[in-house]
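K.L.:
One-letter residues, chain by chain:
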Amino acid sequence: MTWNKLTYAGWGRARSATGQVARPERQSSLLREIASFAAPAFGMRRSYGDVALNDGGRAYDMTRLDRVLSFDAETGVVEVEAGMPIGDLGRAFAAKGWIPPVMPGTGFATVGGCIANDVHGKNHHVKGSFGQHVTEITLIHGAEIKTITPKSGAIWKATVGGLGQTGVIAKAKLQLMPCKGDMMVLTERRIDSLDEFLAAFDESKTDYTVGWIDATATGAHLGRGILEEGEITSGINNSKDGAKAVPFNAPGWALSAPVVRVFNELYFRRVPAKGRTSVKPITEPFFPLDAIHNWNRLYGKHGFNQFQCVVPPERVDVLRLMLEKIGASHLASPLAVLKKMGDGRGGYMSFPMEGYTLAVDFPNKDGSQELIKELTDMTLDAGGRIYFAKDGVAEATQIKGMYPEQDKWQRAVEKADPQGALVTDLVRRLNLRESAKES
Amino acid sequence: MTQTAQTWIILGATSSMARAMARRLAKEGAMLILCGRDMDDLAASAEDCKARGAAEALAMRFDARDSTSFGPIVERAVLKEGAINCAVFVGSMPEQSVIDADPSLIDGVVQDSHIGPATFLSMLAPQMEARGQGTVVGVGSVAGDRGRIGNYVYGSAKAGFATYLSGLRNRLTRAGGHVVTVKPGFVDTAMTWGIEGMFLVASPDAVAKDILRAVAKKKNVIYTPFFWRYIMLIIRHIPEFIFKKMSI
Ligand SMILES: Cc1cc2nc3c(=O)[nH]c(=O)nc-3n(C[C@H](O)[C@H](O)[C@H](O)COP(=O)(O)OP(=O)(O)OC[C@H]3O[C@@H](n4cnc5c(N)ncnc54)[C@H](O)[C@@H]3O)c2cc1C
Ligand SMILES: NC(=O)c1ccc[n+]([C@@H]2O[C@H](COP(=O)([O-])OP(=O)(O)OC[C@H]3O[C@@H](n4cnc5c(N)ncnc54)[C@H](OP(=O)(O)O)[C@@H]3O)[C@@H](O)[C@H]2O)c1
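Note that the protein sequences, when read in sequence, are chains A and B. Okay, so the first sequence: first residue is 1 according to the working numbering, each after it adds one. Okay, so the second sequence: first residue is 1 according to the working numbering, each after it adds one.
Keep in mind the hints are simulated off the structure, nothing from the lab. We put the CB at the ideal spot given by N, CA and C, even for glycine. Be a bit skeptical, because a hint or two may be false.
[Unchecked claim] Rough simulated footprint, nothing fancy, chain A against chain B, three-plus residues with beta-carbon under 8 Å: (1) 28 to 42; (2) 169 to 181.
[Stated by the list, open to error] Taking lysine to aspartate or glutamate pairs in the DMTMM-like style, the calculated list, with each CA pair at most 20 Å apart, reads: (3) LYS96/A <-> GLU56/B; (4) LYS173/A <-> ASP210/B; (5) LYS339/A <-> GLU136/A; (6) LYS205/A <-> GLU354/A; (7) LYS244/A <-> ASP205/B; (8) LYS244/A <-> ASP210/B; (9) LYS205/A <-> ASP343/A; (10) LYS50/B <-> GLU74/A; (11) LYS325/A <-> ASP377/A.
Starting from the given sequences, assemble the full structure and let the hints guide the process.
P.N.:
Dropping the structure here:
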């Protein structure tokens, strides 16, 4: 049977959808089905909100299309099916001396999802975004099959970071990056305040740099956390440690304010005051949370939302205000992430821009959605933007003007998908395809 | 060479269970002959296996309903030294109501799940005997353990195949070979996608892992996931005078 009626959710589980889902296992069946019914695609649904959902409509689950189709050992160009998890790709090629130049914080994200959200990694300041390393995309819409490249113009820029609105990505070619091995030298040190963090980012010389921030800290401790700096080194990891799983929804108190404060204190103190350096398999620092499957269940059945924004480098004041607000709310969950971004971006609607990006998880309970909306307004005022891969809360009016090239994206999308067959819940909620025409 | 880093013929290699097993074998450095009808798809899987570490991976045509496709596969496999192994995932399961409306379909169902694979294995068996080693993995189904109103034609083909495998085990064991009969419960594949009433559904990779463990340990008959052994034990022991009125 092709269509299966399912209820499925985003990673945060605060948003879900019910609809008919097809899960083709072959390129030929994907083509056949889309020719008879154009609908949006999703990957591993590692996006937190509703960007990968289509409530009441149809959708294609791409996760069974997860193969390497070709590899050129001379150039390092690999062609894969869109449903391939990026971590699998990393694992398959590291031993051959190649690695995806950009990997997000979870290895479960698929190549299709990485393109559609133009994801960034801990090395964004050096390597830019995922889409900048993609060299070819096979895009399907209805009976039409298009092969596009960075030279294809608007359609390319509307597809990379384009939230799947130009067509279903069936396969893609990526330029891998040579690497010495799959181990990483990781240095961790405590950072006592926001100013210290910002200075540390400026001084950092490593390819992979990220800050874990204690979003519950206030006053003198505001902005404290741990800076992680990594560099890939030689050696191959052969251990096959299995991942652990969270079998059930955790009870409501599991991530309550006092528990989170204690956890964060311990997490902060885990790293000795003078810092430490270790060598680890790259999967650990790259995908720290993947070691526990379904960790999203820790938030219980109501789920959680993540807020992620980027603000221009000169708007540190807003960052500070946000952290104060978050600290005072007692709503934040254990770990938040702070990172300095470069200006690399692959498409019209790509999230990255030069500045500081802050990501914080909030359990989906009273007050948290209001807080996220306030933070969204602050982001807009600061000339920044929120990340659609994470959002499940914002309102259409709040994001107007955040993405300066939205109109170009809208025109290309209108041409590629005039009937609106690919609209997803987030695109509907934020009115992304319409807002320019109205204003 | 580890036990699995040998030549493996995989019949029905487009099945997601077969794909998962081929990937696990590829990581061990096996030489893979992926067989089936969809040559484009098999070629893609062969590339994938090579990228994941297979010493060699190639796609060959196998149609259970066309015995002329069998010989070339055996001929290709015997070019390799050492153990030749074969895993059979071939099978088809039209809805019982569709078969009831057109009984001529029974022919194809039995051909796919039983006659084709059995004929192929009987052609391969002398080679395995001559080499004094090699393992056959035959995928049957819990549906073969008892005929039920919902899918008894498919079940009868699987039952026939299971009986064949039991005899083949008897034959190959004395020549140093081995046969593993695999009876999956519900597995999350294209065959079961969207079918109502599925429960305790296993992932294709979990099945592949169970199969390879059974190969390593020379198990004879496995249920996967394991608890189906107990479910089927109960189902087989329901007295016929009650069972015939049930619809499970
Ligand atoms: C623990 C964790 C850490 C993360 N860290 C980062 C990070 O560091 N940086 C970062 O940028 N992101 C990060 N993310 C977010 C994640 O990388 C993105 O949400 C990514 O897009 C998820 O990929 P997916 O395959 O799950 O896609 P989904 O969430 O399933 O889909 C995402 C979007 O892609 C579209 N899409 C998916 N496949 C296709 C296709 N084949 N064709 C067309 N459209 C398609 C969907 O329609 C949807 O719009 C993180 C997420 C988690 C859970
Ligand atoms: N899914 C379950 O819950 C379940 C439970 C118990 C047992 N099983 C058994 O497990 C095996 C794999 O099934 P699956 O679930 O992965 O379903 P599937 O994807 O439909 O796999 C069936 C396989 O059989 C092949 N096949 C069918 N007719 C053929 C023919 N005439 N010639 C050559 N190949 C033929 C198919 O190849 P094509 O690509 O050419 O069609 C495909 O590779 C089957 O034997 C099935 O009966 C499945």
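K.L.:
I'd like to know which numbered hints this structure contradicts. Please list them from smallest to largest.
P.N.:
2, 4, 5
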